[in-house]
Amino acid sequence: MTEHSDYEAGSYVGGDRVPGRPEGRTLAQEVRGYLLGLGLATLLTIASFWADQTREIYASGIAVALLVLAVAQIGIHLIFFLHITTDPDNENNILALAFGVLIVCLIVFGSLWVMLHLNHNLMPMDKLIPMQR
Amino acid sequence: MSTDALRLSADPALGTAGIAPVHVTGHGAGGPAPKRIIVGYGFWIFLLSDVIMFSAFFATYAVLFKNTAGGPAAHELFDLHNTAAQTAFLLASTFTCGMASLAVGHRNQKWTQIALLVTGLLGFAFIVLEIREFSGFVARGAGPSRSAFLSSFFTLVGCHGAHVSVALLWLGTMMAQFYAKGFRQDIRHRFLCFSLFWHALDIVWVAIFNLVYLVGVLPPELLP
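First to last, the sequence lines map onto chains F and L.
So our numbering is basically just the index in the first sequence, starting at one, shifted up by 3.
So our numbering is basically just the index in the second sequence, starting at one, shifted up by 721.
Errors might be hidden in some of the hints.
[Claimed, not checked] So, partial list: chain F residues that the calculated Cβ filter (under 8 Å) puts toward chain L:
| no. | residue |
| --- | --- |
| 1 | L30 |
| 2 | F52 |
| 3 | W53 |
| 4 | D55 |
| 5 | L69 |
| 6 | D92 |
| 7 | N95 |
| 8 | N96 |
| 9 | I106 |
| 10 | V107 |
| 11 | L115 |
[Claimed, not checked] Here are the computed distance ranges between Cβ atoms for each label pair:
| no. | chain 1 | residue 1 | chain 2 | residue 2 | range |
| --- | --- | --- | --- | --- | --- |
| 12 | F | T29 | L | Q834 | 36 to 46 Å |
| 13 | L | W891 | F | V34 | 18 to 28 Å |
| 14 | F | Q56 | L | L838 | 33 to 43 Å |
| 15 | L | L838 | F | I132 | 52 to 62 Å |
| 16 | F | L30 | L | V887 | 22 to 32 Å |
| 17 | L | L842 | F | L46 | 20 to 30 Å |
| 18 | F | A50 | L | D800 | 49 to 59 Å |
| 19 | F | T29 | L | A806 | 30 to 40 Å |
| 20 | L | Q906 | F | R58 | 28 to 38 Å |
| 21 | F | R58 | L | V887 | 34 to 44 Å |
| 22 | L | E942 | F | P127 | 46 to 56 Å |
| 23 | F | G78 | L | H802 | 42 to 52 Å |
| 24 | L | Q834 | F | G42 | 51 to 61 Å |
[Stated by the list, open to error] Calculated from the model, a selection of chain L residues having no Cβ within reach of chain F, i.e. all distances over 12 Å:
| no. | residue |
| --- | --- |
| 25 | I848 |
| 26 | G857 |
| 27 | H884 |
If you're looking for bench data, these hints aren't it; they were derived computationally from the structure.
Even glycine gets a Cβ: it sits at the ideal position worked out from N, Cα and C.
Generate coordinates for the entire structure from the input sequences, incorporating the hints supplied.
Okay, here's the thing in structure tokens:
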């Protein structure tokens, strides 16, 4: 196997380019990118655990804060580990991701919305069962 | 674009291998995308469908969260020390998996094997902690059949654990293939899919530790 095995039949230049990692980046720069991602993810993880344990923030807002921190950390992971970028190579990945996020939101928030309303509008079991007798 | 390309490839000083990309491939005039992009895209579609499956389990869990049927509730069960250790192991493993992809990119067998081995050991430690946690719950009478809350909890977190276990098998296969077959292109494409899978599993875990464990231990009166 020579280096030429890297050249793809279907491609114009043939280079096996990694999306979001333009050629010419040194190993040190790439390691630094991963370290930055690891550092940011660690900070957000610590922030999540802190927000959970502290009573410094408005108590009813903690669950929302955790949701926001989770979304932020997922963003960090997507950028630094999965290398989702604005690179033209990545356009299709981003469109698929946007569609995936749409479906996830529909499933999660749609289910919660429908089910919580059903909970509100249905008679509780302990009242329903005597009526059936 | 075609005239540019002809001019460039006809230039004897540049040869054929040294042509710089004039246009990005995969965008009509640029010609088809490299196989690596297509493989990554296909696997990305699979990962998104997997994430959609997880979102259905998350929705089920959120709906059934308060249906404890007189059994133990989340804040009585969860031990955050365990969750913190699991989170640390998985986050460290996602970093070493990134290091493995750099080593693969530089065709370095030694560091590829070391980084993958560390990734696998961290993933294994994660699974051991999860199994210990689950068996502890079952021993306390809080198994998946105890209540709707626990059924949905074991389904969601157990499904993630099953994914990590399968990924560990895949990781071992990748180590063996790199060792036996070297950095062949098809094997590097398989490894690309593996690394995407491993990073995606950590993303699912980020959602689980925040929304299942950390929200779960909050006092019940704080939850909507």
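Taking the hints in turn, this is what the structure says about them:
1. A distance limit of 8 Å between C-beta atoms decides the matter here; for F:L30 the minimum to chain L is near 6 Å, and the interface restraint holds.
2. With a cut of 8 Å, the hint placing F:F52 at the interface with chain L holds, because the nearest CB-to-CB distance is about 6 Å.
3. With a least beta-carbon distance of about 10 Å to chain L, the hint placing F:W53 at the interface is violated under the 8 Å criterion.
4. At a threshold of 8 Å, the smallest CB-CB gap from F:D55 to chain L is about 4 Å, leaving the interface hint in force.
5. For F:L69, the shortest C-beta to C-beta distance to chain L is roughly 5 Å, which falls under 8 Å, so the interface hint holds.
6. The beta carbon of F:D92 comes within 6 Å of a beta carbon in chain L, closer than 8 Å, and the hint placing it at the interface holds.
7. Interface restraint check: F:N95 against chain L, minimum CB-CB distance 5 Å, threshold 8 Å, status holds.
8. Nearest Cβ of chain L to the Cβ of F:N96: about 5 Å, under the 8 Å cut. The hint holds.
9. Interface restraint check: F:I106 against chain L, minimum CB-CB distance 5 Å, threshold 8 Å, status holds.
10. Against a cut-off of 8 Å between C-beta atoms, the interface hint on F:V107 holds, since the closest Cβ of chain L lies about 4 Å away.
11. A hinted interface residue such as F:L115 counts as satisfied when its beta carbon comes closer than 8 Å to some beta carbon of chain L; here the least separation is about 6 Å, so the hint holds.
12. About 23 Å separates the C-beta atoms of F:T29 and L:Q834, a value inconsistent with the hinted range of 36 to 46 Å.
13. For the pair L:W891 and F:V34, the beta carbons lie near 24 Å from each other, so the given range of 18 to 28 Å is met.
14. Roughly 34 Å separates the CB atoms of F:Q56 and L:L838, a value that falls within the hinted 33 to 43 Å.
15. A beta carbon spacing of about 59 Å between L:L838 and F:I132 agrees with the range 52 to 62 Å that was offered as a hint.
16. Distance hint check for F:L30 and L:V887: the Cβ-Cβ separation is about 31 Å, which falls inside the suggested range of 22 to 32 Å.
17. Between L:L842 and F:L46, the C-beta spacing of about 25 Å keeps the proposed range 20 to 30 Å intact.
18. For the hinted restraint 49 to 59 Å between F:A50 and L:D800, the CB-CB distance of approximately 20 Å leaves it violated.
19. About 34 Å separates the C-beta atoms of F:T29 and L:A806, a value consistent with the hinted range of 30 to 40 Å.
20. The hinted window of 28 to 38 Å between L:Q906 and F:R58 is violated, with their beta carbons roughly 55 Å apart.
21. Separated by about 41 Å at the C-beta atoms, F:R58 and L:V887 satisfy the suggested range of 34 to 44 Å.
22. Between L:E942 and F:P127, the C-beta spacing of about 20 Å breaks the proposed range 46 to 56 Å.
23. The hinted window of 42 to 52 Å between F:G78 and L:H802 is violated, with their beta carbons roughly 27 Å apart.
24. Remark: the range hint 51 to 61 Å for L:Q834 to F:G42 is contradicted by a beta-carbon distance near 26 Å.
25. Its beta-carbon lying about 19 Å from the closest one in chain F, L:I848 satisfies the requirement of being farther than 12 Å from that chain.
26. Distance check on L:G857: its Cβ is at least 21 Å (rounded) from any Cβ of chain F, clearing the 12 Å threshold; non-interface status holds.
27. With a least beta-carbon separation of about 16 Å from chain F, L:H884 lies farther than 12 Å from that chain, consistent with its non-interface assignment.
Hints 3, 12, 18, 20, 22, 23 and 24, counting from the list given before, are not met by this structure.
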